[in-house]
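Full structure from sequences and hints, please.
Protein chains: 2
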Amino acid sequence: MPTIQYTGRPGVLDLSWGHPHPDALPVDGWAAATGAALRELGWRALTYGHEAGPVELAQWLCERLAVTDARAPVPAEVFVTAGASHALELLSTQLVEPGDVVLVDAPTYHLALRVLADRRAELVGVPPDPETFGETVTRLRRAGRRVALYYLVPTFGNPTGASLAGDRRRALPAVADRLGVTVVEDDTYRELAYDGPAPPSLWALSGGAGVVRIGSFAKSVAPGLRLGWLTGPPALVTALAGRGYVDSGGGVNHTAAVAMAAFGRSGAFARHVASAVERYRAQRDALVAALGAAGVLSPVPAGGWFVWLAAPGASALLPAAEAAGVSFVPGRRFFAGGGPDDHLRLSFSMLGPADLAEAAGRLAPLLRAASPPPS
Amino acid sequence: MPTIQYTGRPGVLDLSWGHPHPDALPVDGWAAATGAALRELGWRALTYGHEAGPVELAQWLCERLAVTDARAPVPAEVFVTAGASHALELLSTQLVEPGDVVLVDAPTYHLALRVLADRRAELVGVPPDPETFGETVTRLRRAGRRVALYYLVPTFGNPTGASLAGDRRRALPAVADRLGVTVVEDDTYRELAYDGPAPPSLWALSGGAGVVRIGSFAKSVAPGLRLGWLTGPPALVTALAGRGYVDSGGGVNHTAAVAMAAFGRSGAFARHVASAVERYRAQRDALVAALGAAGVLSPVPAGGWFVWLAAPGASALLPAAEAAGVSFVPGRRFFAGGGPDDHLRLSFSMLGPADLAEAAGRLAPLLRAASPPPS
Chain A
1 MPTIQYTGRP GVLDLSWGHP HPDALPVDGW AAATGAALRE LGWRALTYGH EAGPVELAQW
61 LCERLAVTDA RAPVPAEVFV TAGASHALEL LSTQLVEPGD VVLVDAPTYH LALRVLADRR
121 AELVGVPPDP ETFGETVTRL RRAGRRVALY YLVPTFGNPT GASLAGDRRR ALPAVADRLG
181 VTVVEDDTYR ELAYDGPAPP SLWALSGGAG VVRIGSFAKS VAPGLRLGWL TGPPALVTAL
241 AGRGYVDSGG GVNHTAAVAM AAFGRSGAFA RHVASAVERY RAQRDALVAA LGAAGVLSPV
301 PAGGWFVWLA APGASALLPA AEAAGVSFVP GRRFFAGGGP DDHLRLSFSM LGPADLAEAA
361 GRLAPLLRAA SPPPS
Chain B
376 MPTIQYTGRP GVLDLSWGHP HPDALPVDGW AAATGAALRE LGWRALTYGH EAGPVELAQW
436 LCERLAVTDA RAPVPAEVFV TAGASHALEL LSTQLVEPGD VVLVDAPTYH LALRVLADRR
496 AELVGVPPDP ETFGETVTRL RRAGRRVALY YLVPTFGNPT GASLAGDRRR ALPAVADRLG
556 VTVVEDDTYR ELAYDGPAPP SLWALSGGAG VVRIGSFAKS VAPGLRLGWL TGPPALVTAL
616 AGRGYVDSGG GVNHTAAVAM AAFGRSGAFA RHVASAVERY RAQRDALVAA LGAAGVLSPV
676 PAGGWFVWLA APGASALLPA AEAAGVSFVP GRRFFAGGGP DDHLRLSFSM LGPADLAEAA
736 GRLAPLLRAA SPPPS
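So the protein lines, in turn, are chains A and B.
Per my numbering, the first sequence runs over residues 1 to 375.
Per my numbering, the second sequence runs over residues 376 to 750.
Among the hints, erroneous ones may be present.
The following label-pair restraints were derived from C-beta to C-beta distances [claimed, not checked]: (1) B:R516 to A:A316: 29 to 37 Å; (2) B:P687 to A:G242: 27 to 35 Å; (3) B:A518 to A:A143: 30 to 38 Å; (4) B:Q469 to A:D23: 34 to 42 Å; (5) A:P197 to B:S650: 47 to 55 Å; (6) B:Q469 to A:G313: 33 to 41 Å; (7) B:A685 to A:A143: 53 to 61 Å; (8) A:A293 to B:E438: 51 to 59 Å; (9) A:A239 to B:A518: 29 to 37 Å.
Coverage of chain A stretches by chain B, computed from C-beta distances (three or more under 8 Å per stretch; other residues unrestricted) [claimed, not checked]: (10) 80 to 88; (11) 116 to 129; (12) 253 to 263.
Simulated from the structure, these hints should not be mistaken for lab results.
Just so you know, even glycine gets a beta-carbon here, dropped at the ideal spot from N, CA and C.
Structure representation (structure tokens):
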């Protein structure tokens, strides 16, 4: 039984893990924030917390989102969660009944597919094109199916690194609202924007109706804290706070939440994110440049942790790649029910520039062999 | 929007809250433990944790349970949770299907009833008498019902403060195992034993088969941490660790878990619990003595936080009690579907001895009037 989830493999530069760089975790800063919250709030930092989260964190979050998004929530629109995965579990418990259809982007975050499948929903992949989305909902409803929600990662997405284009960003929530389908927007990567600000969230563009946006401190601060949040309609926040489990235990991660409020208010959060952005931008640049130098054309994600490479037969490439000392996630795992075997996901989060360049050098010959240049 | 869940009411000595005494929360100790874990483990305290919980906490827990229970688990039997309420939510998601029957003790912890009801189970109250329990299961199965689990708080129980007697403690898990019904044992109050050691858990008596025992640090250390654990069959631990939500987010409260391991290993946990036991024993004694001095016969709970008083028409007493400046929870709330209105629950956890004596003095005349002595 180990301490952490990550397990390294000797000799393999493993670009399959969407985990933070060890040096990007604020070891001293978190001890200081915890100490500050305990000094400031005393016993109130340790007793049962307010069900929707402590006011200190909700208020600071509203201020932060006024900077990083196009619309700031009010505290009544905020529910503090025990991480983004917990938020998705909680939302699916609240919104999805067994046998429902859950629509998901194609491709999308592969472990979100597992969270949703645990609810015994049928997952149907649909790209975030408003017209296709609307047609799919209509077709499913004609067949007597209930469509519970639409899940996507529209900003610096996992696995593609891409963001939904502006016209679709505006149209999609409008169509979903008209059809009465809740959009669940996984906005985990908003703080990791490398080439200018992140685009406005679907939640902001929707005016707060019909979209629930999941945020997280896992990428911006530290995943082990298991601390995240969501913004959504006040009635949903009230419903989540009223679940028996939340009423019984109080705020779902109270002590970490008040420590994060201290981390935010002290300025440590902003400094830490700025430093993480520098780090991950440099890592992205190193990976993209090394791939390019080795003859592999790569998209340049404007944020987040992932590069999505065209790679015909990606699954079959994996054993050869691992034999060459590099690993990745085959792209078809990011589709509900499996998808085309023509891409792979590289994560540049865990390794420094030199390791990423070496990894690109190991991978590129295999990719070039798999995709011969057009003759 | 407040910081914490508790809301005080001016002029009311409120014995309805099962919350810790503010002075019993280890404000300095928790800052020290968090700092120690971060110094010792560095980035590994902050990244995604092992799904079932970090080995450091699992091992320490096994050592602690060797002292406080009749059987110590091995780490493969331990799953670290985000509190006892989270454990019950997680177990009900794993074990209960909508429409199932969930058996619950009568009376039992009222908010557990809400957690289980959220799963759309039908709750059926049955006392922990092995014969009645077995007959109830058989009757329900004959009627075509699936019985998902049996929930109870058999040690220093909520709301009664009582513990299941030795002969039933041994027989109940045996009957449940023979019938194939999982017993979910809420063992939240084990550390708060005032008159000698707590009785062995049902989990320990069962030899580990057919019983899942929920433990918590909410009463022994601090509820705001949202940290607990369960002991159960290794196959269940593996199944919980394999849920999409846990695979996606890693250990459900990793940083708090490694800090708790540091708190435990340093000796701070044992010292803190010893001090909390002294405090709560003095509070229990003050309440029971003041009730007795005012002519109200009270049971003397050997652990936990609650006194369960006979009080005919308890619900109707509540407004008069609050007008007199004291509050409680009417007993019928602790029964699935409502129960007899003949008891009330007093919690002695939040108030010091003088306040508890004053509260007893305010309440006793009402109780005496409601239960005239036999003529």
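Tested hints:
1. In this structure, R516 (chain B) and A316 (chain A) break the distance hint of 29 to 37 Å, their C-beta atoms being roughly 51 Å apart.
2. Separated by about 32 Å at the C-beta atoms, P687 (chain B) and G242 (chain A) satisfy the suggested range of 27 to 35 Å.
3. Between A518 (chain B) and A143 (chain A) the beta carbons are some 35 Å apart, a value that agrees with the proposed interval 30 to 38 Å.
4. Hint check: Q469 (chain B) to D23 (chain A), Cβ distance near 37 Å, so the stated range 34 to 42 Å holds.
5. Taking 47 to 55 Å as the suggested C-beta distance range, the pair P197 (chain A) and S650 (chain B) conforms, at roughly 51 Å.
6. The given range of 33 to 41 Å is respected by Q469 (chain B) and G313 (chain A), whose C-beta atoms sit roughly 38 Å from each other.
7. In this structure the hint that A685 (chain B) and A143 (chain A) lie 53 to 61 Å apart at CB holds, the actual value being about 59 Å.
8. Between A293 (chain A) and E438 (chain B) the beta carbon distance is about 54 Å. The supplied range of 51 to 59 Å therefore holds.
9. Distance hint for A239 (chain A) and A518 (chain B): a CB-CB separation of about 33 Å, consistent with the stated range 29 to 37 Å.
10. Only residues whose C-beta sits within less than 8 Å of a C-beta in chain B count toward coverage, and the stretch 80 to 88 of chain A has 6 of them, enough to reach three; the restraint holds.
11. Under a criterion of three residues with beta carbons nearer than 8 Å to beta carbons of chain B, the stated coverage of the stretch 116 to 129 of chain A is upheld, 3 such residues being counted.
12. Look at the stretch 253 to 263 of chain A against chain B: 5 of its residues bring a Cβ nearer than 8 Å to a Cβ of that chain, three or more, so the hint holds.
Of the hints listed earlier, the one the structure fails to meet is number 1.
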